[in-house]
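Colleague: Protein sequences, first through last, are from chains G, R, H and V. Counting along the first sequence from 1, when you hit position 84 you're at 84 in our numbering, and nothing is skipped either side. Counting along the second sequence from 1, when you hit position 199 you're at 199 in our numbering, and nothing is skipped either side. Counting along the third sequence from 1, when you hit position 35 you're at 35 in our numbering, and nothing is skipped either side. Counting along the fourth sequence from 1, when you hit position 40 you're at 40 in our numbering, and nothing is skipped either side.
Bear in mind the hints are in silico, worked out from the structure with no lab data behind them. The structure presented is a predicted model; accordingly, all values stated were derived computationally and were not measured. Just to be clear, a hint being listed does not mean it is correct.
Pairs count within a copy or across copies, as identical chains cannot be separated in the list.
Subject to a maximum C-alpha distance of 35 angstroms in a straight line, what follows is the list of computed DSBU-like cross-link-like pairs (lysine-lysine) [to be verified]:
#1 K59 / K258
#2 K302 / K99
#3 K258 / K106
#4 K139 / K258
#5 K258 / K99
#6 K59 / K99
#7 K59 / K302
#8 K111 / K33
#9 K302 / K33
#10 K302 / K111
#11 K258 / K302
Chain by chain, the residues:
4 protein chains.
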Amino acid sequence: MQLGMIGLGRMGGNIVRRLTQRGHQCVVFDQNKSAIEALAGRGITGSAGLEDLVHRLEKPRAVWVMLPSGEITENAVTQLGDMLEAGDTIIDGGNSFYKDDVRRAKALKVKGIHYVDCGTSGGVWGLERGYCLMIGGDKEPVDALDPIFSDLAPGRGDIPQTAGREGRDPRVERGYVHCGPSGAGRFVKMVHNGIEYGLMQAYAEGFEILQEGAGAEVPEERRYTLDLPDIAEVWRRGSVIGSWLLDLTAMAFAEDPKLAGYTGFVDDSGEGRWTIMAAIEEAVPANVLSAALYARFRSREKDSLADKLLSAMRHEFGGHVEPKAGA
Amino acid sequence: MQLGMIGLGRMGGNIVRRLTQRGHQCVVFDQNKSAIEALAGRGITGSAGLEDLVHRLEKPRAVWVMLPSGEITENAVTQLGDMLEAGDTIIDGGNSFYKDDVRRAKALKVKGIHYVDCGTSGGVWGLERGYCLMIGGDKEPVDALDPIFSDLAPGRGDIPQTAGREGRDPRVERGYVHCGPSGAGRFVKMVHNGIEYGLMQAYAEGFEILQEGAGAEVPEERRYTLDLPDIAEVWRRGSVIGSWLLDLTAMAFAEDPKLAGYTGFVDDSGEGRWTIMAAIEEAVPANVLSAALYARFRSREKDSLADKLLSAMRHEFGGHVEPKAGA
Amino acid sequence: MQLGMIGLGRMGGNIVRRLTQRGHQCVVFDQNKSAIEALAGRGITGSAGLEDLVHRLEKPRAVWVMLPSGEITENAVTQLGDMLEAGDTIIDGGNSFYKDDVRRAKALKVKGIHYVDCGTSGGVWGLERGYCLMIGGDKEPVDALDPIFSDLAPGRGDIPQTAGREGRDPRVERGYVHCGPSGAGRFVKMVHNGIEYGLMQAYAEGFEILQEGAGAEVPEERRYTLDLPDIAEVWRRGSVIGSWLLDLTAMAFAEDPKLAGYTGFVDDSGEGRWTIMAAIEEAVPANVLSAALYARFRSREKDSLADKLLSAMRHEFGGHVEPKAGA
Amino acid sequence: MQLGMIGLGRMGGNIVRRLTQRGHQCVVFDQNKSAIEALAGRGITGSAGLEDLVHRLEKPRAVWVMLPSGEITENAVTQLGDMLEAGDTIIDGGNSFYKDDVRRAKALKVKGIHYVDCGTSGGVWGLERGYCLMIGGDKEPVDALDPIFSDLAPGRGDIPQTAGREGRDPRVERGYVHCGPSGAGRFVKMVHNGIEYGLMQAYAEGFEILQEGAGAEVPEERRYTLDLPDIAEVWRRGSVIGSWLLDLTAMAFAEDPKLAGYTGFVDDSGEGRWTIMAAIEEAVPANVLSAALYARFRSREKDSLADKLLSAMRHEFGGHVEPKAGA
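Next comes chain G alone, as it looks inside the complex:
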């Protein structure tokens, strides 16, 4: 079927590629003209702007927005809301806040425009592996978009079936799910990313404990200098902690055994934060997911006030003078 795509970054560009490889037509736009040019190919039509993109689509139109979350996405959805007509559908496939989805869907519904939130996981690998899609919105537009979702998702592939799922929604086993009303898809994607932070931090702490097993604080007779690339690799094979993130860890270690090319500065995006806020709103204890988020905050700090205050108290009560770091 035909789809408009706004935003041709790492995610949007590959979604267009995957769809057109499977016979769909895409009308595309990006602020950056070279991104449009880079995509030229069978089934892909560039456009000069949102208005032009909308005009090039047949009714009822479907426009996928794949932009950085926040103002940029908000503006695109607002503008599309003014250009589209009853029966058309906007899909936001980015990392918006689910409360914004609820609000937008309500505002667009007044005009008869459908709004679908689609949490999209898979990263730069999605072109090849397919994307795991977590969808929220009304049944009608979600069903109408099934050809798109079905081709973006990985399909059954060679992932073993789970016993006991006979008779359940078959879309799920092909890698996409209609989670519920507006915001539900993004809510699920948000928690997915919250879990992702937790998993990543669990591996990160574990590998650091392995590395520091060679540290001078450890008595010599059990001071181990371990080959982290080998350990990451072996755990992929038959261990309880095998995962896709571990596959990536093994790749990273194979390329750069000391990870010397990486800084210790780790960014975070909204979903990790919103997951904690949802946990707090629901009164769910989320120590692991919070600690994973805070580790990223901490990675970006230098000489924090909190640490200075600890040193100051230690000085006041005990006369302790802290050594300078690295001294």
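Place chains R, H and V on chain G using the hints.
Modeller: Chains R, H and V in isolation, oriented as in the chain G frame:
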């Protein structure tokens, strides 16, 4: 080759099965005679006790101990140390404390007996999938046992190769690794389990946040009743958080969508605790792994003193009277 | 000076008592008539409702709202905003959300009505000890209310002066501070409560570790049965961890050495949650304050989904069957 | 009475001063001769070494060891054990590990020598304020040393009495307590320090949240530039979170409002670590105390492997390239 096996529980029994299916001979013993009888089959010889088992093995002997960690394992190793001779090897494949491995290896070395620690991951699935093996000890006995390790490990299977590993130790890609001197294998297995706790808790918190998204504290317009079995399943397919533990989660949800058959009482074994102790010894911040361990401790408490003291302070300063739980 | 007081609960009633003991006049209202009657005394005038209260005050009026945070406070402020006139002042002394203060102050400013947020700490002890006041709003109304703030605050008392504060705002040493524009006072009070949770939890964990030092898991030669009431008391005297919360802990233990009268069910109010949300907005790692909040959430859960999922995974990979709690 | 003192650092020196000001006689030794000379005064006798110190004491002797924990203390206790006689007493007042106390007491008991562990809190302020003493050991030597303990402790002072303690051990209200058998005093002191870490970190996080309330991530209308020295001061007066550590915080801020003189490098000593190990041994969830310890570990790290691994995974799955810190 020939191997003695002491302990025929879920792990030891399956290891014997896997080995004998691949042409090895095992002389076995378990306190529980029916466990020995249940194993009878080609390549398997029962024995009447440790002494008998030792006598039935050809020199140089190799005896694998697969018993609950702690005193039971300790006693078995001590007794074997008295029965075996220079050139023989004891393999402890259980969940011993790595510092005990260091001590035992040292004591046995005096008699010329080799001691190999082998962290064994794979659970009840290992018979079929193979076991991920993390091995510590001297090169000589580890190399001599290669036929055993190689057949216990999963082999390459259909797990994709990691780019950049050309020319590296090929055993690793078949699922076993010689980590270093005595204790090193078990140290790696210990951290493996520490990570396992962290991964499990990350999923656990995430699914609880999803479930409580339907809670009364959430405003109605974004109160989502989500299908957790479907979400567990869809995340296995193309998402960033796919893993073997998630496969198991999807199985558990497919069998029992509310997990109604499980109590909220979660056990822990030594490795999770020792991982934190190692982190503390090394001064590695391990907030996620600790929180995962504490969640298990907390699951087993009822009306803890800590909580009562909070209520008591609240009463003293604010006159607050807490409602009774469930009231 | 004259002050209107709306809300005569534990906090509002005592504030009126403290003020009238010091020569101020209060016009008071509470939904609960008996609360008004209970307060009758020199300098205190009851009223029949907000309208009546407003009419009984001389201009420019000052009305203090001391109600449960949320809708009740919001409604009272809204109604007062309709009844009061330019030059009058509303003080919200409760536990509102600081973002609500910003919004309300802005809306009232249009009408020339001042809005002052006053974070009020001291609990049921404030009548006698005085209240620590954290104030936000414009300079003009804050200065005009100085007689009130000054008499509510504890004054210098016998708390030792801090060296190096010569020449600084003397109000601070009398126990009240003008923190900044609207919301600033409440923001400071919110963080105060966030810290309070952290301090309480630190003591709570510590006393539980002391208590469990007598547990069966501890080897007999260092299994200590400690007298917690004595330990709480002795720490008040010369130790580094002396505090008012510890004084209260010692009281609670002296009254009820096993805290048997307290459930393990601990409530939380908004400030602890908002503190974490502020930390997340600011990207400040707040592991301790979060863990303190989560401990309260956890205290109210029973058989959480998170814990069940851990048991389910353990069953799937290891065949583990958890014992029933208490079994 | 007469006391030998070994170790004249910040703690040992002040203990001698406090005791001799109150009429006791001390025979002292320190490796550093100038420390001995600096102490010369009424009631104080220097000595040339342990042997000399022992000879200068009347039987039954009491020798207080106040040295850095670990080998130095261990050696001193061992040497004293060889020099002293049945009926003499060694007091270790430092920060030893309580399991070492149990071991030492047992070994010395064979010779009839008493061993008393005395957790000593109060820091550089103890000379003036007195020391809070947590004592472990047999009743006989603890009672014999009562004149010493009584004069080291703060006494009742002006700290209000706790209702309900009538008829209980009066020593406790004078600031010292006999906790139980060997190790019990130090165990209590260890947990005291664990709590201390938690309290400190709660304040530290709170003040950082206050400071970052002025950060650029916060919307302008509620971006507060707060006066942290004033807030620390005001909280000392009538608030729920008043404490001695807060008094010290107010001092530190009064001296150096930005804490510019402190690095963000925070040391830790054994007690914080051992507290967590005890919690783990007892299966007590200790999220706050652990997080406080880890914050110190983290303050000393730079570009940790854990953080690098997070960046590496982010790069592998999402193509994310982290900015350099400070760039």
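Colleague: Which earlier hints can't be squared with this structure?
Modeller: Going through the list in order, the structure violates hints 1, 7, 9, 10 and respects the others.
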